[in-house]
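Undergrad: Starting from the known structure of chain Z, fit chain A onto it as the hints suggest.
Chains as they are written, first to last, in UniProt numbering: chain Z, 1 to 351; chain A, 1 to 351.
Honestly, I wouldn't trust all of these hints.
One copy or two, either will do: identical chains are not told apart, so a pair holds if it fits within one copy or between any two.
SDA-like mimics (lysine to any residue), calculated; alpha carbons at most 25 Å apart, straight line [unchecked claim]:
1) Lys116 / Phe186
2) Lys116 / Gly227
3) Lys66 / Val335
4) Lys116 / Val187
To be clear, the hints were calculated from the coordinates, so they are not data collected in a lab.
Number of protein chains: 2
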Amino acid sequence: MVPLLQKEGFPVQAVWGRTQEEAESLASELDIPFSTSKTDDVLLHPEVHLVCILTPPPHTRQIAVKALGIGKNVISEQAATLTDACKMVTAARYYPQLMSIMGNSLRFLPAFVQMKRLLGEGYCGNLQVCEARVYGGSLLSQSYGWAWEELMGGGGLHTVGSCIIDLLSHLTGRRAVRVHGMLRTFVRQGGPAGGIRSVTADDYACFQLLMNGGVVCSVTLNFNLPGTDVHEIMLVGSSGRLIARGTELYGQRASMQVEELLLSDGGEGVGPSVRGLNSMVTQLRLSFQAQEDRRSWARHPVSMAASFEDGLYVQTVVDAIKRSNRTGEWESVEVKIQDIDPNHNHRTLPN
Amino acid sequence: MVPLLQKEGFPVQAVWGRTQEEAESLASELDIPFSTSKTDDVLLHPEVHLVCILTPPPHTRQIAVKALGIGKNVISEQAATLTDACKMVTAARYYPQLMSIMGNSLRFLPAFVQMKRLLGEGYCGNLQVCEARVYGGSLLSQSYGWAWEELMGGGGLHTVGSCIIDLLSHLTGRRAVRVHGMLRTFVRQGGPAGGIRSVTADDYACFQLLMNGGVVCSVTLNFNLPGTDVHEIMLVGSSGRLIARGTELYGQRASMQVEELLLSDGGEGVGPSVRGLNSMVTQLRLSFQAQEDRRSWARHPVSMAASFEDGLYVQTVVDAIKRSNRTGEWESVEVKIQDIDPNHNHRTLPN
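This is chain Z alone, in the form it adopts within the complex (with noise of 0.2 Å):
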């Protein structure tokens, strides 16, 4: 992300590392004049105006949280939880006047733009059902890590299903009102000599969002497919329907014979989520550039992102997913910041 920021002219200040060695190498490597290993010091370093959260699910509330309470604008990926989620949205409803927002970068891939764009125009017709499916190479790090643990935030259905339920919303304005779901750890160990740690994150997910008007969501997600690269959205439509594939949109209306290509991106093997994120970054530098005073973002937001309360509804629907993959019934998606218990997962969130 940072060579994106600055090819479009961001200043990058400074940089955060998990080891104040890794810190020092990638202000080295990316020329960033300020490398730490402690949060705190990139938040309060004063010519720090926007922070873009990467950091593990686990720490996502905490660094966005405080950020916004000093005043900073924040980016931020999913965080671990269903509380962290509501936190985030406390913080941002507090400080309207900062940017508070998702970094799914696929709402911003041009794909996905003018896939909205065409369904709203009635390319499709009455929407009937939405098909997602991602098929790739493990998740897991080399070594064992959060993305190893449901619990830190890992797994396919978090880390990947949490984007595709948000561009689901996103391209249908709709939202999921009852979810079912299936979640598989098909590759239960790992570890550099093999079978040292055990993963509890999902490798595979198989579930289906019934949204309102009457909309259906089917998504599978498989990390079990080494050396494939399948991400694929259809939505199909009394009269027609639209398929992104990667970077590429396709369309078929009822009457015609063949699919048309719609767009052909030319992305030359960069996936969607890498292409969605250099789009992102320049509408956040044209947003930059619409204003006078920096600091009020927040009232030009970038439009096309995801607030925190977007996060909210998504991490809602993730949970419901996990609650249905152990009951086995539909569940119910019910957004709800208050009657959060505050004891819930304290002991895997620890402040």
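TA: Below, chain A without anything else, positioned relative to chain Z:
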């Protein structure tokens, strides 16, 4: 099917049509000496030794049971109900010297024959997930008929899903223990002048089968995609995957960077069902030639074919999926021939 049988040297002696005119037209077109609109006339015809039942599902059981009772060999499509499937199994058990097989031609498609062989040879390692997708245009007949009615054996789940459920069991050598499903009828009305008749048969189905041994199958059927013809089955295991797209077979072991084409069938636009039917009829002929006494076919059955017992299993799974669609819960699959309520489905299944 008649031209395929004739091409393989089977003399087709009699044909049934819904009306005498239709029967005569078929007989004339296909060069068949005898035609009738009464099914009994075919069954009792002295030159008929093998009866291929391709009638509307509500007639299937009656014809199949009667044909076996008269001493004729039978190839049958899926019956309309579980009660019917039970009665067919009872008849097949009562006449073990006669051939009684289900007409699911997908089992005979060369791509699936090779897929089953490679799976058995360990191409995929430990099997984890099967994904099946069938997308196409409407299954409804032009004018109102059984295909419009769920209780008469219409709908994507019953007609196409049955073949997929049978195929997945055949390929993996496993059976579904529990199932979950969601059915929809998006096109709810139809007719030559529009809006005349209501449709109860599903045009969208999304279901999951938990197979013994922990294998997960996920199937999506969507018949609201005119101008599309997707027929894809993917088996994913610990060390590789096999993918049948239409009549072609692809594979990728975990060590490979790209997919390999394992079988290019050169179907020239012929879909998997028709191509499979071709192979099935060829197998029938080979099975036929391997025997001196035509009446003892059952002693050398067409080994790949689905038995009526397999048909009962498939119907049991279909019923469990329909039940799950109503209850929203995972439903157990318990194949049993006894304890069928004799009054069940009486309204929809008059003798």
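Undergrad: Each hint should be assessed against the structure and marked as holding or not.
TA: Cross-check of the supplied hints:
1. Lys116 / Phe186: between (35 Å within a copy, 22 Å between copies)
2. Lys116 / Gly227: between (30 Å within a copy, 23 Å between copies)
3. Lys66 / Val335: For lysine 66 and valine 335, only the intra-copy Cα distance (24 Å) is at most 25 Å; the inter-copy one is 59 Å.
4. Lys116 / Val187: Between copies only: 24 Å across chains, 36 Å inside a chain, cut-off 25 Å.
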